[in-house]
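Protein chains: 2
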Amino acid sequence: MAVQAFQDCYPENVAHCYGCGRLNTHGHQIKTYWEKEETITRFRPEAFHTAIPGYVYGGLIASLIDCHGTGTAAAAMYRSEGREMDSEPPFRFVTGSLHVDFLKPTPLSGELEIRGRVKEIKGRKVIVEATVYAEGVATARGEVVAIQMTENFLRG
Amino acid sequence: MAVQAFQDCYPENVAHCYGCGRLNTHGHQIKTYWEKEETITRFRPEAFHTAIPGYVYGGLIASLIDCHGTGTAAAAMYRSEGREMDSEPPFRFVTGSLHVDFLKPTPLSGELEIRGRVKEIKGRKVIVEATVYAEGVATARGEVVAIQMTENFLRG
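Residue numbers (our numbering), protein chains in the order written: chain G, 2 to 157; chain Y, 2 to 157.
One chain only, chain G, in its complex shape (with noise of 0.2 Å):
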């Protein structure tokens, strides 16, 4: 069986999201999954998603370091608690702050891999440390607040 992804595991009313939410045709439908004590996601830019010719769009990875960060938070959560991600009660995180620092032009010509860490869990907030590499080097590096959502909010 295919090992799903965090966000395969989303409750549908919340996998709408145009970054990571599986049913939002429109949208990045990035996959993000456990490596050890790390995650990972990769994901390949259109052509259109540039900058400066030539180097990817800050804006699309200030996005893939966001939504990279809520899924490693959620599946951070699940795996403090000895729990599968689509066991019940759901945990979904939206972000609090996003902090990217460009360390330097990402090329457009592949796949980028973003490659997160757990730095802190505490109560409904979990800190997420992302880094993007481009052809092996690392080319941005991200700090995710990410705050768990509410159960109403989440039963909407």
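Hints were generated in silico from the structure; no laboratory data involved.
Honestly, I wouldn't trust all of these hints.
Same chains, same names: a pair is fine if it fits in one copy or spans any two.
Claimed, not checked - With a cut-off of at most 27 Å between alpha-carbon atoms, the simulated DSSO-like pairs for lysine-lysine come out as follows:
1) Lys105 - Lys126
2) Lys37 - Lys126
3) Lys105 - Lys123
Position chain Y against the provided structure of chain G, taking the given hints into account.
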């Protein structure tokens, strides 16, 4: 004569950005203007630019702040030299870092207004603060550290 937006003055070879390039037919093509000491961008998200249903995708908000910031940086640099934005040599900025605090969910219900202000100009670096308003309420606040592109990069 209609007032030109900052982005209408970007040199052609650097007018392809997904967020602000007037030549990127897939992109957001934001338009930013001075209003006294502030800069203003108005942008209407599409229905699919959603996070949780009914609210605007945070990655889009980050993208708008980013390009609003680099546009404001360029405009501020021209203004500090007393020059028009379509005069030579051109100024164009890239993002060194981006920070966004999401104050509350941003309703997906109409036009957003992004208002920016120059915090600091120091050498080739301009720091811009920006606030996103939906229905007149501030929902996100950001800071962009924008770096002036070198002449070589700009000329391609």
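Consistency of the hints with the structure:
1. Taking CA atoms no more than 27 Å apart as the test, Lys105 paired with Lys126 passes between copies only; the shortest distance there is 15 Å, against 30 Å inside one copy.
2. In this assembly of identical chains, Lys37 and Lys126 lie within 27 Å of each other by CA distance solely inside one copy; the values are 22 Å within and 39 Å between copies.
3. With identical chains, the CA atoms of Lys105 and Lys123 are at most 27 Å apart between copies only, with a shortest distance of 20 Å across copies and 32 Å within one.
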